[in-house]
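> Sequence lines, in order, name chains A and B. Take my numbering: the final residue in the first sequence is number 482, and no numbers are missing along the way. Take my numbering: the final residue in the second sequence is number 655, and no numbers are missing along the way.
Just so you know, not all the hints are guaranteed correct.
[Claimed, not checked] Facing chain B, from chain A, some residues (calculated, C-beta under 8 Å):
hint	residue
1	Trp409
2	Leu416
3	Val430
4	Pro437
[As the list claims (entries may be wrong)] Some, not all, of what chain B presents toward chain A, calculated at C-beta under 8 Å:
hint	residue
5	Leu17
6	Asp464
7	Trp465
8	Pro466
9	Tyr637
10	Gly640
11	Met641
12	Gly644
13	Ala645
14	Leu652
Keep in mind that the hints were calculated from the coordinates and are not lab data. Bear in mind that the values here come from a model prediction, so they are computed numbers and not experimental data. A virtual CB, placed ideally from N, CA and C, is assigned to each residue, including glycine.
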Amino acid sequence: MRPQLPTLDLVPLYPLLVVTGWAVLVLLADLFVQHKRALGYLALTGVIVAAVVTVALWPGVPTSFQNMAISDGQALFFNLVFLVTGALGLLVAIEYLERKDLQRGEYYALLMFSLAGMIAMAAAEDLLIVFLGLEMMSVALYVLSGSNQRDMSSIEAAMKYFILGSFASAFFLYGIALTYAAAGSTNLAQIGSWLSGRGIPKDPVALTGLSLLLVGFGFKVALVPFHWWTPDVYQGAPTSVTAFMSVGAKAAGFATLTRVLYSAFSPTFTTDWVTVAAVLAAVTMTFGNLAALVQRDVKRLLGYSSIAHAGYVLVGIAAASPVGVRGMLFYILAYAFMTAGAFAVACAVERREQSTTTLADYAGLAQRSPLLAAAMLLFMLSLIGIPPLIGFWSKLFVFRAAVEANLAWLAVLGVLNSALSAYYYAGVVVQMYLREPGRSPAEEVAFRPWRSALAVAVFLAAAATVVLGLWPGAVVNLLMGV
Amino acid sequence: MLHSIWLVIAAPLAGVLLNGLLGRHLGRAFVGLVGVGSVGVSFVVGALALIELGALPAAERSIGVGMWDWITIGSLQVGMTLRADALSLWMVLVVSGVSLLIHLYSVGYMGHEDERMFARFFAYLNLFVASMLLLVLADNYLLLYAGWELVGVCSYLLIGFWFHKGDEEQAPVVLVDGSQVAVPPNLNPPDSGKKAFIVTRFGDFGFALGVFLIWSTFGTLNFTDVFAAAPQVPTATITAITLLLFMGAIGKSAQLPLSVWLPDAMAGPTPVSALIHAATMVTAGVYMVARNHVLYDLAPTSSLVVAIVGAVTALYAATIALVQVDLKRVLAYSTISQLGYMFLAVGVGAYAAGMFHLTTHAFFKALLFLAAGSVMHALHDVIDIRRMGGLRRKMPVTWLTFLVGALALAGFPLTAGFFSKDEILLKAFEFSPWLWAVGLLTALVTALYTFRALIVAFWGQPRDWPLYEKAHESPPIMTAPLAILAILALLGGLLGLPIVFGVPNWLSEWLAPIFAAHAPAEKHMLSVTTEWLLLGISAAVALVGIALAYWLYAQRGDITARLTVTLRPIFVLLINKYYLDDIYNAVFARGGQRLAALLAQGLDKAAIDGIVDGGARLFVRGGAWLTQFEDGHIPHYALGMFVGALVLVAYLVLR
Numbered sequence: 001m002r003p004q005l006p007t008l009d010l011v012p013l014y015p016l017l018v019v020t021g022w023a024v025l026v027l028l029a030d031l032f033v034q035h036k037r038a039l040g041y042l043a044l045t046g047v048i049v050a051a052v053v054t055v056a057l058w059p060g061v062p063t064s065f066q067n068m069a070i071s072d073g074q075a076l077f078f079n080l081v082f083l084v085t086g087a088l089g090l091l092v093a094i095e096y097l098e099r100k101d102l103q104r105g106e107y108y109a110l111l112m113f114s115l116a117g118m119i120a121m122a123a124a125e126d127l128l129i130v131f132l133g134l135e136m137m138s139v140a141l142y143v144l145s146g147s148n149q150r151d152m153s154s155i156e157a158a159m160k161y162f163i164l165g166s167f168a169s170a171f172f173l174y175g176i177a178l179t180y181a182a183a184g185s186t187n188l189a190q191i192g193s194w195l196s197g198r199g200i201p202k203d204p205v206a207l208t209g210l211s212l213l214l215v216g217f218g219f220k221v222a223l224v225p226f227h228w229w230t231p232d233v234y235q236g237a238p239t240s241v242t243a244f245m246s247v248g249a250k251a252a253g254f255a256t257l258t259r260v261l262y263s264a265f266s267p268t269f270t271t272d273w274v275t276v277a278a279v280l281a282a283v284t285m286t287f288g289n290l291a292a293l294v295q296r297d298v299k300r301l302l303g304y305s306s307i308a309h310a311g312y313v314l315v316g317i318a319a320a321s322p323v324g325v326r327g328m329l330f331y332i333l334a335y336a337f338m339t340a341g342a343f344a345v346a347c348a349v350e351r352r353e354q355s356t357t358t359l360a361d362y363a364g365l366a367q368r369s370p371l372l373a374a375a376m377l378l379f380m381l382s383l384i385g386i387p388p389l390i391g392f393w394s395k396l397f398v399f400r401a402a403v404e405a406n407l408a409w410l411a412v413l414g415v416l417n418s419a420l421s422a423y424y425y426a427g428v429v430v431q432m433y434l435r436e437p438g439r440s441p442a443e444e445v446a447f448r449p450w451r452s453a454l455a456v457a458v459f460l461a462a463a464a465t466v467v468l469g470l471w472p473g474a475v476v477n478l479l480m481g482v
Numbered sequence: 001m002l003h004s005i006w007l008v009i010a011a012p013l014a015g016v017l018l019n020g021l022l023g024r025h026l027g028r029a030f031v032g033l034v035g036v037g038s039v040g041v042s043f044v045v046g047a048l049a050l051i052e053l054g055a056l057p058a059a060e061r062s063i064g065v066g067m068w069d070w071i072t073i074g075s076l077q078v079g080m081t082l083r084a085d086a087l088s089l090w091m092v093l094v095v096s097g098v099s100l101l102i103h104l105y106s107v108g109y110m111g112h113e114d115e116r117m118f119a120r121f122f123a124y125l126n127l128f129v130a131s132m133l134l135l136v137l138a139d140n141y142l143l144l145y146a147g148w149e150l151v152g153v154c155s156y157l158l159i160g161f162w163f164h165k166g167d168e169e170q171a172p173v174v175l176v177d178g179s180q181v182a183v184p185p186n187l188n189p190p191d192s193g194k195k196a197f198i199v200t201r202f203g204d205f206g207f208a209l210g211v212f213l214i215w216s217t218f219g220t221l222n223f224t225d226v227f228a229a230a231p232q233v234p235t236a237t238i239t240a241i242t243l244l245l246f247m248g249a250i251g252k253s254a255q256l257p258l259s260v261w262l263p264d265a266m267a268g269p270t271p272v273s274a275l276i277h278a279a280t281m282v283t284a285g286v287y288m289v290a291r292n293h294v295l296y297d298l299a300p301t302s303s304l305v306v307a308i309v310g311a312v313t314a315l316y317a318a319t320i321a322l323v324q325v326d327l328k329r330v331l332a333y334s335t336i337s338q339l340g341y342m343f344l345a346v347g348v349g350a351y352a353a354g355m356f357h358l359t360t361h362a363f364f365k366a367l368l369f370l371a372a373g374s375v376m377h378a379l380h381d382v383i384d385i386r387r388m389g390g391l392r393r394k395m396p397v398t399w400l401t402f403l404v405g406a407l408a409l410a411g412f413p414l415t416a417g418f419f420s421k422d423e424i425l426l427k428a429f430e431f432s433p434w435l436w437a438v439g440l441l442t443a444l445v446t447a448l449y450t451f452r453a454l455i456v457a458f459w460g461q462p463r464d465w466p467l468y469e470k471a472h473e474s475p476p477i478m479t480a481p482l483a484i485l486a487i488l489a490l491l492g493g494l495l496g497l498p499i500v501f502g503v504p505n506w507l508s509e510w511l512a513p514i515f516a517a518h519a520p521a522e523k524h525m526l527s528v529t530t531e532w533l534l535l536g537i538s539a540a541v542a543l544v545g546i547a548l549a550y551w552l553y554a555q556r557g558d559i560t561a562r563l564t565v566t567l568r569p570i571f572v573l574l575i576n577k578y579y580l581d582d583i584y585n586a587v588f589a590r591g592g593q594r595l596a597a598l599l600a601q602g603l604d605k606a607a608i609d610g611i612v613d614g615g616a617r618l619f620v621r622g623g624a625w626l627t628q629f630e631d632g633h634i635p636h637y638a639l640g641m642f643v644g645a646l647v648l649v650a651y652l653v654l655r
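Using the sequences and the accompanying hints, generate a full structural model.
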C-alpha cells in the first residue's frame, strides 16, 4: 500500500510565502548592498507585491493546507491592513533610521518576518498556526524594539516586551492545551462543532482554556489589565518601530481573537465571552482615556490612546454579529491610518539625540512645519471621532453594532469616552497651534515634504483619513463581501 | 443658483485652501481679498438662491441638492446632500451676510498682525463660516453633526488665536467703604479655546447619542424621512431624542449649565467674538431646535424644558452682566441671555419668532462687538470699562453705532431688538404668564446693564487721561461695517412687524411653509387690546431700564456706590458668576485630573509597587527608565496580568 501523501494547496498562503521569501531576499541582499536605505525600498517592493497578490486572491479561497489555513475575505482584508501598516512602517523607518544613524539591513528583514507572522495569524484556522504566527510576529518585534542599542530605554523596552510577552505566551499555550483537552482538536472549526455538539455545557476545562487564550490575546492587543507593557514599550522602542507595531500587532491579535471567538467558542460559549468582552472593552477604553489625560510624553500618550482604541475595537467584537465584525474591521483600518500617521509625525518631530518626544517638542509646530502640523491635527481630530474624518465612521459602526446587540450601555460609555478623549488629543493640538515654538530653528531637523519618505507616509495616512472619511462607501462595500 | 447651493460652502473652503497653503506668500491685500471675497460669493449665491426659491410656489420651496452618496450600510443611506429651503437659506443669508461684514472689519482690525498670522487668521475664519454653512444646509443628521463638530474645532483655534497672551488679572473693585472685591482673572486664550472645545463636547456627547437614537428608532438619518415617520413613534422616544439633541444645543449655545465657556471665549480677537456670537456657533443650537421643530412639537415635555432652560438662562446671564467690568464680557453675558430668549421662543413653539430674534440679534450683537473692538483698537487692547469714560468725544462713529446697538439690545421702541423681543414675550405670554414675567424682568435688567456699560464707557469724564489722549477713531474699513450693521439694527425690525400693526410679518410668512406645515396655524388667543398692552409694557420696561441706568450711573453715582456696599453679598456672588466655574473646576477638572493621575501613576505603577515592595519611590526620580527596570517592574506587571487572568478564569468558570 502506498502512503497517501496529502495534496498541498498553497494558494491561500501566497501572501505569506511572498512576504517570507522576500524577507529572506532582503537578508541576503544585506550582504551585498552597501546603502542600507536601498534595502528599505527593496522590502517596500515586496510589501507591494504581497498586496497585489492579496488583491488577486479577492474575494477569498477555501480552506486548505489540511484545514490549517484559510484566506477568506476577512483574512485578506487583514492582510491589506498589515501590508498598508508595513508600507507605512517602512517609509517611516527609511527616513528615521537614517537620521538616528541606525540604518541596518536586518531591520527591514525583521519587519518583514513580523509581517509574515501577522499574515499567518490572520490566515490561521488552527490554534497551532495561530501560535506559530504569534511567535513569529512577536519575536521579530522584540528584536525590533531593542534595535537602538545605544539607547538604554530601547533595550529596556525590548527586555520588558520579551519577558512579559513570554509570560503571556505561556498563558496562551496553556489555553491551547486546555482547549485541546476539552475538544480533542486544535482546528478552530472542529473545536466549534465539538463543543456545540458533544461538549459539556459550562465545561470548566473549555472555559478555562478560553480565559487563558483571552489573556494571551489581551496582552497582544493591550486590553486592561494585560496592558502594562504598552506605554513603556511604545515609549522606549524606536519610534519607527512603535509606528509599525502599535497597529500591526494589535490588528493581528484582533484578527485571530475574532476567529477564535467566532468559530471555536460559538455558539456554545457566546454569552460567556460576550459578557467578558463587553466588560473588558468598557474597562479598557475608560482606563486608556483616563490615563492618557495626564501624559506629557507624546509616545506614551499615544500608547494609552492605543489602549483606549483597543477597547473601542473590542466593542465591535462584543456585539457578536456580522455588523460588529465589519465595524471592527473598519475600525482597525481607520486605526491603522490614524495611529501610524500620528507616530510618523512623532518620528518627524523627534530630534536626533532624543528617543521620544514630549508635548513641549510640539510647541509651535504649526509655525515650523505647517503641513506636518496640519496632518497631525487631522490624526488627532480623527482619533477623537470628529466627522467627516475616518475615525468618526469607525466609532459610529462599532457603537451602532453594540446598540443592535443590546449593549446600548457600552455604546453610551463609548461615546462618553470619546468626549473625554478630546481633552488630551486637544492638548496636542494646543501645543502645535497655540504655543510659541520652544526650539530654535537651528535645532530643528528641517522637514522637507517634497523629498522625504517619511513625508510620503504622513501624507498617505492623512489623505486616507480624509478621503475614506468623505467616501467611506468604498471600504464599506468591500466589507460587505467579507 | 438653487442647484449650485454647494457653492455657498465651496467658496469659503477654497479661501481656506488658498490662504492656508499659500497665504504667507501672497501678501496682506490678497489674503484679505480672498477672505472677504469668498464669503462675498457665499452671500451673493445665497441671496440669488433665496430669490429663486421665493419665485417657486410655497409648497415646492424645498430643494435637496445631492452631491454624492456618503454612506450606505444596509438600509441606511446617507447622502452628502444639502437642503435649500426657506429656513436654511434664511440662515445662509444671515450667516454669510454678517460674516462678510466681520471679515471686512477684520482686514482693518488684524492689520497689525504679521503676514503669516494674518493669513492663518483668515483661513480659520473662512473655515468657521464654511462649517457653519454646512451645518445650516445639511439635509441629514450626520452632515449636521459634521458641521456641528467642525464649528467647535474652528472656534477652538480662533479663540486661542492670540496664544502668546497669558491670564489677565483684573483690578479688584474698590467699594466706597474702602473694602475690595476681587474680580476673577480672564483666562488665557489657549485655555479658553480648549475650554470652549471641551465644554461643548460634553453637550455634543448628548447630541451624538440623540443622533444614535434617531438612527435606531427611524432607521434613517434624513430630515424629511425622520419628520415624516415621527408621528408614529412613541412620545417617550421622541422626548428622549429631543432632550439629547437639546443637550448639544445647551453646549453649543452656552445655556445653563454649560454656559461657562462663552465668556472666556472673549479671549479671542474681537472679530472672532463677533462671529461666534452673532453669525456662527452659538446660533447653531437655536437653528437645530427650529430645524427639528417637528420632533419638538411632538414632545411637549422637551419643549417645556427648552423654554424653561431658556428663560432661566436669560435671567441668570443678564444679572451677571450687571456687574462685569470688562466691556466684552458684558456683551458675552448678554449673548447668553439673548440666546435664552431664543430658546424661550422655540420652546413655546414660536419658531418664527426665535428665528426673527436670531436675525436681529445677529445684527446688533455683531455691531456691539465690532464697536467694542473699535474701542479696544483705539485704547490698545484696554477693555476694562473702569478705565474708559467720555469716549464719545474721541470716537463719534463708534459711539453712535454702539448707541444704536445698545438701543436695539435694550429693546428701545421701534428698533430691531424691540420687535423681535416683543414677539417672543407675546408668544411666551400666550404659553404661560410666568415665563413672560421672567422674560420681562430680564428685559428690564438687559436695558439696565446695557446702558450701564454704555454710560460708563462713553459718557461722563475720562477716568484714565493718558489712555484717553491716545484714543482715536478707527479707519473706515472698520467703521463702514459698523455703519451698515447700525442701519440693520435700526431697521431690521421691518422684517417682522407685529400683527397688530396691520402689516404683514414678512419673515414669519417667509418661514411659514417650514413651520406651518406641521404646527397648527398661528392661533390668536390674545385680543388686540392685550397685544397692544403687552407691546406697551415691553416698551415701558425698556424705557424704564434705560432711564434707571442713566439715573444710577450718569447722575447719582453716589447712590449706586452705597447700594453696592449694602448689597455686597449679591455683588460678590454676581461678580463670581454664581461660582459656576469654581464648582466645575473643583468637581470635574481637579477631580478628573486626580482620578487620571491615580489611574496612570497610581494603578499603573505606584499602587502595585506599594503592594509588592516599598521601593516604589525610586522610580519617581528623574530619568526613571533604568530605575524602573532595576526596581523590578516586570514582576509587578506580570503580577497585574496574573491577577487579571485569575479574575477572568474565576468569573468564567464559577459563574
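> Provide an ascending list of the numbers of those earlier hints which the structure does not satisfy.
1, 4, 5, 6, 7 and 8
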